[in-house]
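Participant: Chain order of the listed sequences is A and B. 34 is the number that our numbering gives to position 34 of the first sequence; each next residue is one higher, with no gaps. 82 is the number that our numbering gives to position 82 of the second sequence; each next residue is one higher, with no gaps.
Source of the hints: derived by calculation from the structure; they are not laboratory data. The beta-carbon is built from N, C-alpha and C at its ideal position, and this holds for glycine as well. Where hints are given, some of them may not hold.
[Said to hold, decoys possible] Covered stretches of chain A (in silico footprint by chain B; criterion: 3 or more residues with CB under 8 Å from a CB of chain B, positions within the stretch not fixed):
1) 8-15
2) 47-61
3) 110-124
[As the list claims (entries may be wrong)] Cross-link-like lysine-lysine pairs, in silico, DSBU-like; alpha carbons within 35 Å at most:
4) B/K95 / B/K108
5) B/K114 / A/K122
6) B/K122 / A/K52
7) A/K114 / B/K52
8) B/K114 / B/K95
9) B/K108 / A/K52
10) B/K95 / B/K52
There are 2 protein chains.
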Amino acid sequence: MLGRLNHVAIAVPDLDAAVAVYRDTLGARVSQPQAEPDHGVTVVFVTLDNTKVELLEPLGEGSPIAAFLERNPAGGIHHICYEVDDIVAARDRLKAEGARVLGDGEPKTGAHGKPVLFLHPKDFLGTLVELEEA
Amino acid sequence: MLGRLNHVAIAVPDLDAAVAVYRDTLGARVSQPQAEPDHGVTVVFVTLDNTKVELLEPLGEGSPIAAFLERNPAGGIHHICYEVDDIVAARDRLKAEGARVLGDGEPKTGAHGKPVLFLHPKDFLGTLVELEEA
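Chain A on its own, in the form it takes in the complex (with noise of 0.2 Å):
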């Protein structure tokens, strides 16, 4: 069911300072800063050879990722996201096989274009999951 891994993203609690250790410490490319006010974050996407990381700053009230921030000052990983083929079907198993689907369980417009679903870090290994329709 899992095709690539779209993404990894971290939440970061100052962009600039973010952009400053991938693009100058590791030296990778970095995307201009892209505000996603329907998703409460600004991300920074960072390219690297076969897949991306993607910055997450917070973006006015009630960012998703302010809670995860507050717990972890410095930074850290937030989530991973996986392609499927078919993001219905997928929830659909997913449910079969008693996993927790966040929110209503309907597939939403992801930062992406594309539609995506977050699932429950306590069914899925102590981490947020997000699948992505490819």
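Position chain B relative to chain A; hints supplied.
Facilitator: Leaving out everything else, chain B in the frame of chain A:
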């Protein structure tokens, strides 16, 4: 400097249960468990289309993931591994930029038989970063 994302490592308290999550619930391809006594872990490789996830269970006394699992008993993402062409050149660049390399700063032979280094999470957005020579 950064090339491919080599792997994302997830520390887990129970490797059989973790394999069931990735193989049965998520429908991924998983390897047989492989004991790595020199590295204090037993590992299962999850093969994705573009990279891999490594599920790590502590092995023996003083496993390097034991303390992490005490803090995160359900498991969690332990580190992220990026490939570099030349690990000594990478280390020298990082040190010149003021970043801390863990241990004595000399590359060790990692679980894939290649030279590796670990970088200090406090200098890398709260994430433990492994560099592996490609």
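Participant: Run every hint past the structure and note whether it holds.
Facilitator: Verification of the hints:
1. Only when three residues or more bring their CB closer than 8 Å to a CB of chain B does the claim for the segment 8-15 of chain A stand; here the count is 3, and the claim holds.
2. Judged by the Cβ-Cβ criterion of 8 Å, the segment 47-61 of chain A is covered by chain B as claimed, because 6 of its residues qualify and three suffice.
3. Check on the segment 110-124 of chain A: 4 of its residues sit with their Cβ under 8 Å from a Cβ of chain B, so the three-residue criterion for coverage holds.
4. For the hint pairing B/K95 with B/K108, the CA-to-CA distance comes to about 17 Å; that is within 35 Å, so the pair holds.
5. Restraint check for B/K114 and A/K122: the C-alpha separation of about 34 Å stays at or below 35 Å, so the hint holds.
6. A threshold of 35 Å between alpha carbons decides the hint, and for B/K122 with A/K52 the separation of about 21 Å falls inside it, so the pair holds.
7. Restraint check: the Cα-Cα separation between A/K114 and B/K52 comes to about 23 Å, which is no more than 35 Å; the hinted pair holds.
8. Proximity of B/K114 to B/K95 is assessed by CA-CA distance (about 21 Å); at most 35 Å being required, the pair is judged to hold.
9. For the suggested pair B/K108 and A/K52, the alpha carbons sit about 26 Å apart, so the restraint of at most 35 Å is met.
10. Restraint check for B/K95 and B/K52: the C-alpha separation of about 28 Å stays at or below 35 Å, so the hint holds.
Violation of the numbered hints given earlier is absent; every hint is satisfied by the structure.
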